Structure formats: structure tokens, C-alpha cells
Amino acid sequence: MDKTVVEQTIKAYLSDETKRYQDWYEDFYAPTGDTDTFEVAPPCSHNTRKKRFKQYFQEQQAVWREKICIEWEYSRKRKEYHEIERLIAVLVDYMATEGIATISILVIEGYLDHLCANACEE
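According to the numbering used here, the residues represented by the sequence shown are 1 to 122, in order.
Keep in mind the hints are simulated off the structure, nothing from the lab.
Given the structure is predicted, the values throughout are model-derived calculations rather than measurements.
Hints may be right or wrong, so weigh each one.
What the hints assert, rightly or not - Here are the simulated BS3-like pairs of lysine-lysine, each with C-alpha atoms no more than 25 Å apart in a straight line:
hint	residue 1	residue 2
1	Lys77	Lys3
2	Lys77	Lys54
3	Lys3	Lys19
4	Lys54	Lys11
5	Lys67	Lys77
6	Lys51	Lys19
7	Lys67	Lys54
8	Lys67	Lys79
9	Lys79	Lys11
10	Lys51	Lys79
11	Lys3	Lys51
12	Lys54	Lys3
13	Lys50	Lys19
14	Lys50	Lys11
15	Lys11	Lys51
16	Lys3	Lys67
17	Lys3	Lys79
18	Lys51	Lys67
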């Protein structure tokens, strides 16, 4: 993805919590591309998306603790990168399998601060 697009997306996510979660939800629950099916349920609420992300976080936290907290040394890099936009951009590059929305939520909402603080204590 173009660096400018990544930067613009991160800036949008910093100022718009709803967009962060909406984009994560659409990425994570992307339609299969089956043209014979159609959506019958109304879109879920913002609070529902946040709850689903929290469940997703619970399922993935062991992997993220290993890859981000320990291998990538998140706590050290959090101090190194004073601008949150830069921290997210660098982490997006490192965790290429995760989307910008996922990484943005993990950083902006403090999930990684909490997870990695606990990882250092173990």
C-alpha cells in the first residue's frame, strides 16, 4: 500500500473511533464474494463492533504477545516513537498480516500498552 495512503488512513483513525471499528469489522467479516448471497441482517452497532474486537483480541493475544510485545519489543519502541502515527505505521509494516485498522485499534485503544506491560512482568 502507498505510504501516503497509510499515513492518511492512520490520521483518519486517530480522529474517528467509529471509522476504525467499522473498517476493522468490514475487513474481518468481509463478504466471501459469493454473488448469490446477500446481506439480510442490519449492520451491527458501534458497541457491537467494539465487543467483537475485544473478543478477537482475547483470541489473538497470545500470538500478539509473542510477536509484538516480545519479538518486536513494543514497550521499547513505544518510547522510541513519540508520534503515535509513526508507531502505528512501523508496526503495520512489521505485522503485514494485520490490517491498518487492527493495528490502529490495538495502539490507540491501549490494548498493546496493557498486553505488553503484562508480558514484561512474566
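Looking at the structure, which of the earlier hints fail to hold? Numbers 10, 11 and 12 - these are the hints that the structure violates, sorted from lowest upward.
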